[in-house]
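These protein sequence lines are chains A and B, in that order. Heads up: the first sequence begins at 1 in the working numbering, then just goes up one per residue. Heads up: the second sequence begins at 1 in the working numbering, then just goes up one per residue.
Just so you know, the hints here were simulated from the structure itself, not pulled from any lab data. Every residue, glycine too, gets a C-beta built ideally from N, C-alpha and C. Hints are not guaranteed to be accurate.
So the derived label-pair ranges between C-beta atoms look like this [claimed, not checked]:
#1 Leu127(A) with Leu32(B): 53 to 61 Å
#2 Gly15(B) with Arg203(A): 40 to 48 Å
#3 Glu39(B) with Ala187(A): 18 to 26 Å
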Amino acid sequence: MRSRVLATGSYLPERVIRNEDLTQFPAHALPLIEEKTGVISRRHAEEGQSTSDLGFEAARLCLERAQIDALEIDALILATSSPDRIQPATATRVQEKIGARKAFAFDVNSVCAGAVYALHVADAMILAGFTRTVLVVASEVYSRYLNPKDFSTYPYFGDGAGAVLLRAAEGERGIFRSRLGSDGSGADVIQIPGGGTMMPYGRLAHESDIYFKMRGRDVYEFAVTQGPAVVEELLSDCGVAKEDVRFVIPHQANKNIVRELARRLGIAEDRFVVNLERYGNTAAASVLIGFDELLQSGKAAEDDLIVLVAFGGGLSWGATLIRN
Amino acid sequence: MGSDSHSELTETTKGKLAVVLDEVFGLPADGLRADQRLEDVEGWDSMNSINFTMELEKGFGVELEGVILTGEQTFGDVVALLKEKGAEV
Numbered sequence: 001m002r003s004r005v006l007a008t009g010s011y012l013p014e015r016v017i018r019n020e021d022l023t024q025f026p027a028h029a030l031p032l033i034e035e036k037t038g039v040i041s042r043r044h045a046e047e048g049q050s051t052s053d054l055g056f057e058a059a060r061l062c063l064e065r066a067q068i069d070a071l072e073i074d075a076l077i078l079a080t081s082s083p084d085r086i087q088p089a090t091a092t093r094v095q096e097k098i099g100a101r102k103a104f105a106f107d108v109n110s111v112c113a114g115a116v117y118a119l120h121v122a123d124a125m126i127l128a129g130f131t132r133t134v135l136v137v138a139s140e141v142y143s144r145y146l147n148p149k150d151f152s153t154y155p156y157f158g159d160g161a162g163a164v165l166l167r168a169a170e171g172e173r174g175i176f177r178s179r180l181g182s183d184g185s186g187a188d189v190i191q192i193p194g195g196g197t198m199m200p201y202g203r204l205a206h207e208s209d210i211y212f213k214m215r216g217r218d219v220y221e222f223a224v225t226q227g228p229a230v231v232e233e234l235l236s237d238c239g240v241a242k243e244d245v246r247f248v249i250p251h252q253a254n255k256n257i258v259r260e261l262a263r264r265l266g267i268a269e270d271r272f273v274v275n276l277e278r279y280g281n282t283a284a285a286s287v288l289i290g291f292d293e294l295l296q297s298g299k300a301a302e303d304d305l306i307v308l309v310a311f312g313g314g315l316s317w318g319a320t321l322i323r324n
Numbered sequence: 001m002g003s004d005s006h007s008e009l010t011e012t013t014k015g016k017l018a019v020v021l022d023e024v025f026g027l028p029a030d031g032l033r034a035d036q037r038l039e040d041v042e043g044w045d046s047m048n049s050i051n052f053t054m055e056l057e058k059g060f061g062v063e064l065e066g067v068i069l070t071g072e073q074t075f076g077d078v079v080a081l082l083k084e085k086g087a088e089v
């Protein structure tokens with residue numbers, strides 16, 4: 001038995017922010033954005049849209065494509081690191097919006113690796129027989145957590161959501177296996193320092209502590225080390241050769257990381273699904289948006305092997321092998 | 001640039017640079033030296049270099065239009081540039 005992918009969906013807010021729209025930065029610096037990250041534009045949520053709204057849109061499209069009633073969903077897992085509120089879980093707001101009243105719903109916060117974590121948890125619950133139908137959603141509105149004046153983060157990220165509906169099914173198609181890892185010694189590399197119990201809002205050390213921060217060089221080293229390693233381990237676990245992988249959907253961190261990932265893995269770049277030039281880094285949502293776009297493009301044939309690989313704050317990383 | 005790379009930084013300049021470094025990298029600037037390379041600052045990268053330049057403009061009251069600092073440059077180079085742009089360093 002496998003956790004079969006019944007359908008996918010994604011949602012990108014309509015508001016397109018191009019590099020040249022980022023007028024808070026010096027004009028001469030703007031070409032660096034594309035040069036260093038590959039990002040040309042990103043989407044930002046409208047004023048009234050929150051993370052659960054984007055997640056709802058992706059989930060709605062996914063259910064529509066699967067022709068499944070929301071009442072058939074046993075569990076809803078939302079991967080997000082930019083929740084509607086610190087509590088409760090944003091997943092419950094998505095649950096309410098789609099009308100999945102028979103489901104239990106919870107969040108997974110593994111930052112950019114969140115969707116792969118959520119897929120693994122969903123798969124484990126299905127294989128254990130606890131649930132039959134699980135909706136995995138990844139939704140992020142980073143534009144609210146970014147410092148508009150920080151050139152090292154603001155241009156990188158965008159808002160967006162993706163969704164995958166899984167159901168227990170006989171046969172080989174579906175999630176083959178996942179592999180996850182974390183390293184808390186790097187917990188400071190990617191973070192929003194303020195707002196939690198370590199640094200409540202009333203005790204911020206610096207006014208910028210309410211914003212997302214990352215140490216770029218450390219992130220690069222981490223991503224190009226753990227990204228290829230976890231894919232190698234996963235394929236070895238599954239007894240699958242790299243040549244047999246038809247598509248890799250990497251976390252859309254930046255173009256240099258994706259290129260280096262391809263080089264270190266020895267998998268041709270044309271097998272990598274890349275959309276970061278249009279959407280930027282949508283954190284946990286990026287691999288599910290890429291997965292949805294791949295399936296909708298019709299390029300992936302039945303039985304094609306697809307790897308999703310993501311890495312992010314925690315530090316956390318993971319990869320999932322899916323037979324389409 | 002580079003002619004002032006090995007000269008000493010004045011206490012006033014160090015103080016202003018400390019504010020800039022704290023703002024951009026959240027770091028104390030203890031023991032800042034003129035020959036210290038920018039890429040040796042924890043958190044330095046090509047994107048953060050723009051934040052650093054923007055904060056230098058604020059901290060020293062100069063315009064650095066068109067300037068992109070690279071990691072191989074030193075604080076001495078930065079001070080020479082600021083002086084060239086009319087800052088009191």
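Hints, one by one, checked against the model:
no.	hint	in the structure
1	Leu127(A) with Leu32(B): 53 to 61 Å	holds, 57 Å
2	Gly15(B) with Arg203(A): 40 to 48 Å	violated, 26 Å
3	Glu39(B) with Ala187(A): 18 to 26 Å	holds, 24 Å
Violated hints amount to a single one, hint 2; each of the other numbered hints is respected by the structure.
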